[in-house]
Amino acid sequence: MNSNFTIAVHSLVYLAYVPGHMASSEAIALNVATNPVRIRKVMSALRYEGLVKTKEGVRGGYMLGEDPGKITLGHVYEAISRGALQPDWQTGDPKCECPVSSNTQSVMDLIFKEAEDSYASFLHQFTVASVLLQIKAE
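Under the working numbering, think of the first position of the sequence shown as 1, with each following residue one higher.
Simulated from the structure, these hints should not be mistaken for laboratory data.
Please note that the accuracy of each hint is not assured.
Just the calculated beta-carbon pair ranges, DEER-fashion [said to hold, decoys possible]:
1) GLN134 / MET63: 20 to 26 angstroms
2) PRO99 / HIS124: 33 to 39 angstroms
3) CYS98 / SER118: 29 to 35 angstroms
We put the CB at the ideal spot given by N, CA and C, even for glycine.
Work out the full structure, taking the sequences as your base and the hints as a guide.
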């Protein structure tokens with residue numbers, strides 16, 4: 001998994017911490033400790049899924065698009081990192097006569113899909129609100 005998932009979760013939890021407040025990419029970046037350009041890239045994917053709303057202009061920025069109790073980490077994973085467990089390249093050659101070489105890709109595809117589904121299902125147990133509550137309890 002890449003760090004965009006944790007950037008997305010951190011950003012959403014920060015927005016839940018300041019409800020009703022439009023937060024600029026600069027303000028979010030300062031809190032996340034990353035570059036505003038990276039925040040804008042991540043927030044674009046979240047906006048596409050309806051998890052954040054945006055407003056352009058001087059007083060523009062980002063705010064949650066849903067109640068933080070309804071946004072699960074599974075939703076965030078699906079918006080940001082879906083497919084992250086699937087490798088970019090797989091071994092074998094489907095045209096090869098050897099069954100190991102010709103079938104490894106298809107078998108591994110099924111295994112990775114099942115792992116991805118299980119991981120997303122696990123993440124759906126946690127909401128942005130529950131993460132914020134755990135942070136406040138620290």
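Status of the hints after comparison with the structure:
The hinted window of 20 to 26 angstroms between GLN134 and MET63 holds, with their beta carbons roughly 22 angstroms apart. The beta-carbon spacing between PRO99 and HIS124, approximately 37 angstroms, falls within the hinted interval of 33 to 39 angstroms. The supplied range of 29 to 35 angstroms is met by CYS98 and SER118, whose beta-carbon atoms lie about 30 angstroms from each other.
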